[in-house]
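> Position chain B against the provided structure of chain A, taking the given hints into account.
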Amino acid sequence: MRTSRNRLTALACAAMLALVACSSDTGGDSGGGGTAAGGGQEERVTIRLAASDQGPGYPTPYGAIRGPGRLMSSFIFDTLGFPDVTGDPKPWLARSWESTPDGKTWTFRLRDNVRWHDGRPFTADDVVFTFDYNLKGPGSTTGVYSAVNYIDTVTSPDPSTVVITTTQARPTFLTDVVGSFSGMSIMPKHIWESVTDPAKFQGDQALVGTGPYKLRQFDLTNNTFDFLANDDFYLGPPKVRELQIIKVGDPLLALQQGELDSATTGNGQSGTGAIPQSQIDALSRNFKMFTAPGEFNVALFFNQTRGFPYDQKEFRQAVAYALDRRDMVQRLLNGRGVPGPAGALGPANPFLNPRLPEYNHDLNRARSMLDQVGLRDANGDGVRDRPDGSPFAIPLLTSNLDTTTATLVSEQLRAAGLRVDLVTVDQPTSDARDTRGEYDMAIVHFGGLSSDPNGLTNRFASTSRAQSFTRVQGFRNAEFDRLAAEQAGTIDVNRRKELVNQMQAILADELPQLSLYVPEQIAFADTKKFNGWAYTPGCPPCGISLNKRNLVSGNAAPAPNA
Amino acid sequence: MTLPAVALPAGRTGVVTRARARVAGAAGALFVGFFTVLAVFGEQLAPYRATELAGPSLEPPSDAHLLGTNLLGQDVASQLILGARASLVIALLAGVGTVLVGGMVGVIAGWFRGWVDAVLMRVTDVVLVVPKLPLLLLVGALTGGRVGALSLLIAVTFWPVTARVLRSQVLSLRTRTHVRAATGFGAGTWHQLRNHILPDLALLSLAELIPAASRAVALQAGLAFLGVGDPSQPTWGGMIRDAIAYRSVFLIEAWKWWLVPPILAIVTLVAGISLLGTAGERRLSPRVSRHTR
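The listed protein sequences derive, respectively, from chains A and B. Numbering follows the numbering used here, in which position 551 of the first sequence is assigned residue number 551; successive positions increment by one, without gaps. Numbering follows the numbering used here, in which position 133 of the second sequence is assigned residue number 133; successive positions increment by one, without gaps.
Honestly, the hints are just simulated from the structure, not real lab data. A quick note: this is a predicted structure, and the numbers were derived from the prediction, not measured. Some hints here could point you the wrong way.
[Unchecked claim] Beyond 10 Å from chain B on every Cβ pair, some chain A residues (computed):
| no. | residue |
| --- | --- |
| 1 | Asp125 |
| 2 | Ser146 |
| 3 | Thr161 |
| 4 | Gln168 |
| 5 | Ala169 |
| 6 | Pro171 |
| 7 | Asn222 |
| 8 | Asp250 |
| 9 | Pro276 |
| 10 | Gln330 |
| 11 | Arg331 |
| 12 | Leu408 |
| 13 | Ala416 |
| 14 | Phe469 |
| 15 | Gln502 |
[As the list claims (entries may be wrong)] Computed from the model, here is a short list of chain A residues facing chain B with C-beta under 8 Å:
| no. | residue |
| --- | --- |
| 16 | Gly273 |
| 17 | Thr424 |
| 18 | Gln427 |
Positions of the beta carbon are idealized from the N, C-alpha and C atoms, including for glycine.
Only chain A is shown next, with the shape it has when bound in the complex (with noise of 0.2 Å):
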């Protein structure tokens, strides 16, 4: 499974669901009003959320592979282990787990009471059949596991333990196996030992799984899906009795007028703008509001391999100097969000480097850089030339959902005495020439900011294959290629953090991309109707504000240890 998510994902996951963090008053109203409504007569609920604009796919593991999707098969399918508010995996279709200290051999005990949707008992041998069939047979064709390549057996001793060996040890194994959003689905070998296309597999036989919920209906035109509580939940039955995702048109005006139970705000994400400081006002008379650091961006990239000034490190910089990020925050986010920080991680990642430059805007240190650069006024017209004299102008490409972003961009450099030609195409076009480097300076949006750091390698090592629009072009540095493979490799928490902040250190200094601004996460959801609305950190795709660990429990506390 992807490791970084892509731009689509963030965006559709933040239209669709209501993430749910813990604002100044989360912590006393969660405990209490959860337990004071379990406690009484069991009132189940039905939960509306608003459907995603994009497409999720067809709800199995390999079918819906984006955040949007993956969110609704993980109603239907279990992984192993599954994350409670505070972020970290905790057991879930497993009982417990443990490794080896070398960190090479985990076992896992596996609940004994647990069925399949129809009725077949669930085994270690379901658990061994999906790591073959998603390693060697047919799910490894997708894939969709291809993060999970270093497993090397998998075994049963007995039906209710799984033994797991590694080539290597790995600081993201449990994030890989068992995480909310890459870990691996588990599925009845029973069905799918005769299925050969898993892609391609849909009906009835295909959505049998596990979870706390069965699909009753769903229209992937409209993205509508609804979800009916599973009464033989191995956990018990679910206090979120249905999960209706329904199609809206604003999802915040439709939780005003009592459609939603729960919507977010896209909060300045696609040139949308931000919510109103009068309409926060007016939800948040009826809704609680929750926030949450952002871990979407949006990100100006220099492209390297197109020469000068671009392979210049004082000129990338001298941009970022001239750039006033704040700035950018206040107009186009209302001030709810923060400017990015230099090293490519969230300012909610767990590995953030807290001593990173800054860059906070200068305009007179921007102007000198720039004349050290050699990019000059030659004729006297207010705008700098290249060192031989002829005119400098920065094509900027951008999609046509950021023209906003590239036009305060602009606007700022002009200030510095740089010319920008906007280069304004649509969506699809922008990603493909992000992809193929075909630009000399480009906005980008993305999320994922707040995924595991082993997401840097894939973005800046000069080493990775990948193929994306958030890949930065002709940016190398041996030194980052190494902390990049050490940090790969290394188990203890501590001594990764201090690689990762190295890495993030050479980002911040060298700026193959700069993080523009991160949009502050903002969702509003009824707590007089549910409370168990929770935002889980580091799940990114998760919607998880609608942490499925708490449809069940009814409640936002954090999963009591197994």
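Coordinates of chain B only, in the frame set by chain A:
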């Protein structure tokens, strides 16, 4: 003979109609003149550059910003003033272009008749049924949507109706006695067209020019709204697009100063061109005026 009398409502005398026509004409001239001044002297009149970050985000109208600011803090009044040029230039270029292309095809087909006419009219039929908006979107996106390219594009897609109207007029003209007499005296094609046909087509061409120009204004605004256009050139359509892209524009007051002015500008200019055209037509030819009434 009774039909015209019945068609004219009681009490609507010629004097009143003529007075109305004059008022309408004056209003049209005023509107078009106003926007022409904006288009020509935009840089001198606008207090800010169109993209300049002139103030804080979404400021209501004030002395500093007569029509307030948009999401980025750009001055709406300046954008409105500077956007006039794209609209007027395209009205002129695309309007004249449409009439030129359509006129050429129509006159040649009508004058030469025979296989020339047959071929040209079949071509006209083909162009007539081409879905124009998708074509404009496609070619506009590919060519970057500069005003010149867009005008040309509008001209080469919208000429068929003009061609047909002018062709039938030429067909009719060439059977008139003076034209036939000239032919009898051995007048050549060029002489005939220049002295007898084209002068008589002038008025009809004007009548064709007006809708073509108004249509071009609306089309350009529509294309800019859909994102086809030169992003460095301020346009009214682009202003509307930006305003609507801001999802909350109707939840706060901003729509009043950000969205309404460019819409009003488009409506006013299109109406102005039409009024001016109608009035000009009446003035130039009482016969047409009577005929059209």
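> Decide, hint by hint, whether the structure agrees.
Hint-by-hint comparison with the structure:
no.: 1; hint: Asp125; in the structure: holds, 50 Å
no.: 2; hint: Ser146; in the structure: holds, 36 Å
no.: 3; hint: Thr161; in the structure: holds, 52 Å
no.: 4; hint: Gln168; in the structure: holds, 47 Å
no.: 5; hint: Ala169; in the structure: holds, 47 Å
no.: 6; hint: Pro171; in the structure: holds, 40 Å
no.: 7; hint: Asn222; in the structure: holds, 20 Å
no.: 8; hint: Asp250; in the structure: violated, 7 Å
no.: 9; hint: Pro276; in the structure: violated, 5 Å
no.: 10; hint: Gln330; in the structure: violated, 7 Å
no.: 11; hint: Arg331; in the structure: violated, 5 Å
no.: 12; hint: Leu408; in the structure: violated, 6 Å
no.: 13; hint: Ala416; in the structure: holds, 14 Å
no.: 14; hint: Phe469; in the structure: holds, 20 Å
no.: 15; hint: Gln502; in the structure: holds, 37 Å
no.: 16; hint: Gly273; in the structure: holds, 4 Å
no.: 17; hint: Thr424; in the structure: holds, 5 Å
no.: 18; hint: Gln427; in the structure: violated, 11 Å
Of the numbered hints given earlier, the model fails hints 8, 9, 10, 11, 12, 18; all others are met.
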